[in-house]
Amino acid sequence: MKKVMLKTTLGLAVTLASSQIFASGFALNEQSVSGMGTGFAGRSSSADDASTVFGNPAGMSRLSGQQVTGGIAVIDASTDIKDAKGKYPGTNKGDMVPFTGVPMGFYTNKLDDQWAVGFGVYAPFGLVTDYEGGFQGRAFGKKSEVKVVTLQPTVSYAFNDKVSVGFGPTINRISGTLESDLTVLNPGFGDTNVKVKGNDTALGFNVGVLVQATDTTRLGLTYHSKVSYKLEGHTNVTAGANTPSSLMKSNRYDAKLSIDTPESWDLSVTQDLSDAWKLYAGTTWTRWSRLKDITINNDGVSPGASGAVGSQLFGTIKEEQNWHDTWAYAIGTSYQLNKQWVLRTGLTWDQSPTNNTNRSPRIPTGDRTIFSLGAGYAVNENLTIDAAYSYLKEESVKVHDLNALNEYSAKYENSANGFAVGATYKF
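Going left to right, the sequence shown walks through residues -23 to -1, 1 to 404 as mature numbering (1 follows the signal peptide of the UniProt record, and there is no 0) numbers them.
Incorrect hints may appear among the rest.
To be verified - Result set (DSSO-like, lysine-lysine): computed pairs, CA atoms no more than 27 Å apart in a straight line:
#, residue 1, residue 2
1, Lys87, Lys124
2, Lys375, Lys269
3, Lys403, Lys59
4, Lys375, Lys120
5, Lys139, Lys388
6, Lys120, Lys62
7, Lys62, Lys370
8, Lys203, Lys269
9, Lys403, Lys62
10, Lys62, Lys124
11, Lys316, Lys403
12, Lys124, Lys174
13, Lys70, Lys403
14, Lys70, Lys388
15, Lys269, Lys120
16, Lys70, Lys139
17, Lys172, Lys233
18, Lys172, Lys62
19, Lys207, Lys70
20, Lys87, Lys403
21, Lys120, Lys139
22, Lys269, Lys207
Unchecked claim - Pairwise CB distance ranges, derived in the manner of DEER restraints:
#, residue 1, residue 2, range
23, Leu180, Thr260, 18 to 28 Å
24, Tyr354, Asp231, 44 to 54 Å
25, Gly110, Ala355, 43 to 53 Å
26, Phe182, Trp304, 18 to 28 Å
I should point out that these hints are in silico values taken from the structure, not numbers from a laboratory.
Note that the structure is predicted; figures quoted are calculated from it, not measured.
Where a beta carbon is used, it is the ideal one built from N, C-alpha and C, also for glycine.
Using the sequences and the accompanying hints, generate a full structural model.
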């Protein structure tokens, strides 16, 4: 019984379907439009615009004067669900991810030859998924909406024209809503709706080093710290219309969840091949193995309440996740066509942290390959417009969720198109 409720309360920050995003697990990569054009290869070594506040804070030392970079990425995802089976009937339309936008904005100011400061606002994690009302697997996840917004004041210091370092504390705000429909008593009573809402604010940091190894080779290393959240919110249970009130009443419980978003290391290189051509390469390691299990604590549960069935479902609830660490690899290039235009392309391979045993409809993700194109246009000396496109294709994966009251299995085939546009203004 506890496992049934757990499937509906997997944490506001963890049960994230990643078919609509361009990084492993439930991370977002969309913090730079110019970087998206090269598949985020060279993210910690390129320092092309103010988005380096996230990519590598040390890169601010390479930017002159003051710069503002902003943009938005939109994601159009597609999911085909095949070979679906379950204890109860239902539909399997797929395409549960709505058209989603991810905004970003950054500012940098080079104070002198050594010091620079900056600020960033961006989304490092997030999702919106919304299955149809009659989804066959709705007991294991119907609707999810999670947002993480990060503010990052940043400072960098250049020891000389070869080596610089940067640091930025991060202020992270997470909020979310999860819904599921359960047939916990009897199919004739109708579904019982469960909605979980919660939020928290927590601190982390980003730190980086940038080295101009030769006149044509630049190396960057960036560390994004883990962030420890202690979410607090409520779990609301609304019984089906035909459920006898003596068996199940509407209930509201105080819910708590402790969860860490993982740390990551990004190492990359930018190589000038000629005056026109640049080559970018990079790898990112993410410590997803922190996610061993999810533990939910619901307070205010009274075993003697008249809603006796609801009482049995709450307390301390735990489910194994057993995610593993991941590697992502990217290679890209840019070509300066003329004074106004620069063209970009990139290829990325990204591991999924999930495993075949614990994968659920909320996280139906597999390893993915991403192909990217991009371009930048210098309107004048102060203003540059960037645009990018990415196509993501995941390997087919199987989902199999089972508990004492329900079962659902299916094959998921996920893909996505990403579009982004942004601008950088120098003054």
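Notebook entry, point to check: Does the structure break any of the earlier hints, and which numbers would those be?
Noted result: 1, 3, 5, 9, 10, 13, 16, 19, 21
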